[in-house]
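Based on the sequences and whatever the hints tell you, model everything.
Going down the list, the protein sequences come from chains R and S. Here the first sequence is numbered in the numbering used here, starting from 1 and rising by one per residue. Here the second sequence is numbered in the numbering used here, starting from 1 and rising by one per residue.
None of these hints come from the bench; they were simulated from the model. Heads up, the beta-carbon is just placed ideally off N, CA and C, and yes, glycines get one too. Keep in mind that a hint or two might mislead.
[What the hints assert, rightly or not] Cβ-to-Cβ under 10 Å is the rule here; a few derived chain S residues that face chain R:
| no. | residue |
| --- | --- |
| 1 | Q17 |
| 2 | A70 |
| 3 | R98 |
| 4 | R99 |
| 5 | L100 |
| 6 | R123 |
[Claimed, not checked] Examples of chain S residues toward chain R, derived with CB under 10 Å:
| no. | residue |
| --- | --- |
| 7 | W16 |
| 8 | G19 |
| 9 | G101 |
| 10 | P125 |
| 11 | L249 |
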Amino acid sequence: MSIALEDVYKPSEDVVAREIEGEIIIVPLVAGIGDMEDELFTLNDTGKAIWDKLDGQRSLADVVTALSPKFAAEDGTIQRDVLALVAALVARKLLTRA
Amino acid sequence: MSGYVIRRKVGEQPLWQHGSPLLGRLDIELTERCDNDCVHCCICLPEHDEDARRREMSTAELQAVLTQAAALGALSVRFTGGEPLIRDDFEELYLFARRLGLKVMLFTNARGVTPEIADLLARVPPLELVEVSVYGMSAQTCESATRCRGSYEEFRRGVELLLERGVRFVVKGALLPGLAGEVAEFEAWAATLPAMDKPPGYSMFFDLRGRREGGGSAAEPPAVGCDVERRNETIRRARLSPADGVRFLTRDRERYLKDMREFCSKFMRPPGDKLFSCGAGHGACVDAYGAVQACLPLRAPQTTVSLRGGSGGGGEGGSAAEPPAAASAAFDTARLRYALTEAFPRLRETRATNPEYLRRCAVCFLKGLCEQCPAKSWAESGTLDTPVEYLCEVAHEQARDLRLLEPGERAWEIEDWKVRVERI
Ligand code: SF4
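Structure representation (structure tokens):
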């Protein structure tokens, strides 16, 4: 599935995302995501910053723009990060198109 | 850049970079009632005990407790009992917990596993292994323990449903005379279960009743004598002798010695007069009536904090650990935080005053090996600091087997214990 910058994404209803002690912990809710005991998903710092913006309202392009002041990186780098994270989250069924 | 999403196995990698949450896991006894009436049980009340049912936390109260546990950072919750599946609202509570992002650990005898419950556990996986207690591999041995006709068939049906739906579970045996004669059969069967990656564990040195009042059952009706004393007598009869217990523990001698070498070097030393050297109070448990306990078996009212305010949650009167706001009778889950941040840290500082404890346990190097603890002391004698003679004998039997003690020696009198521990 191709991911385009104009697409809008939101956390899947099949997972519960919790913020505990500053960490985003994504807990699968239904079968087929991470059924083994003791398995959870967390995000690295970049992932967390992007996840916070994936609210089902902003397009991915808006997410890139919103993150630009925070990260002193070229636009291209942030865009690559956003697209790669979204692809990874969609592949794991943690994110769906809004 | 890669590795934005990290799949983690809790416990294998540190999850927290900025300090761990106040609560890791909350244990909740959904009920003390059970559809079995096991001879060795330190908790169970009859399934249809209306008084117990009335006093239990309501669905809304349990949901408030779960919400508070999640707010305190808990990643998982353990549903235990009694038998959690006999609550009519089990499915509702299970889903509620999972929707909060909590993993659910379920302890059950599997009799109440219906197709609907098995489907639910398959569709919304608990993300923790279900733990099923096993009392026998035939109707005769199982029901001599459970004292309920039909319980074996229902247990097998429940287990089959879990297997059919692919719900991952482990089994644990209660080493009563019935199952003790079927260990080979039990372990061979356990080895066929998909989630069993090691031999099953056993409960064997059974605790006396955790509450010092009430507790009659169909097999031991309350009308006759003191219920607790009658049930305790039955438990004492179900206990293995220390020699038989040690024979069972050492049946795979090589593995036992390897484990013990590691264990003894880490944990064997006299504890001094501080009563809590275990993990009690670092986490929390909530009993069926809303009393927060420092650990599951520790029912002593002076050690608990009631979520209901007023007098003790466990049904045995008031609690010395009550927060100042306890006068209000409202159910207040903020007391869970109070227990974790104030009452339990204070409780953990408790020191023994019983001269017998100070003469023996406080200076006994077997303390790491011995199961004596404030909870067991409370169940046996009503104080937090009394040596438990049965467990004392078990620990001495084990120590003699490991050549830590010579026949006739008492562990609290040994001065060269360090040398002996090193020699294992
Ligand atoms: S072995 Fe006996 S004396 Fe030693 S800790 Fe256990 S109960 Fe106390």
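These are the hints, each one checked on the structure:
no., hint, in the structure
1, Q17, "holds (7 Å)"
2, A70, "holds (7 Å)"
3, R98, "holds (6 Å)"
4, R99, "holds (7 Å)"
5, L100, "holds (7 Å)"
6, R123, "holds (6 Å)"
7, W16, "holds (5 Å)"
8, G19, "holds (6 Å)"
9, G101, "holds (3 Å)"
10, P125, "holds (5 Å)"
11, L249, "violated (27 Å)"
Hint 11 alone, counting from the list given before, is not met by this structure.
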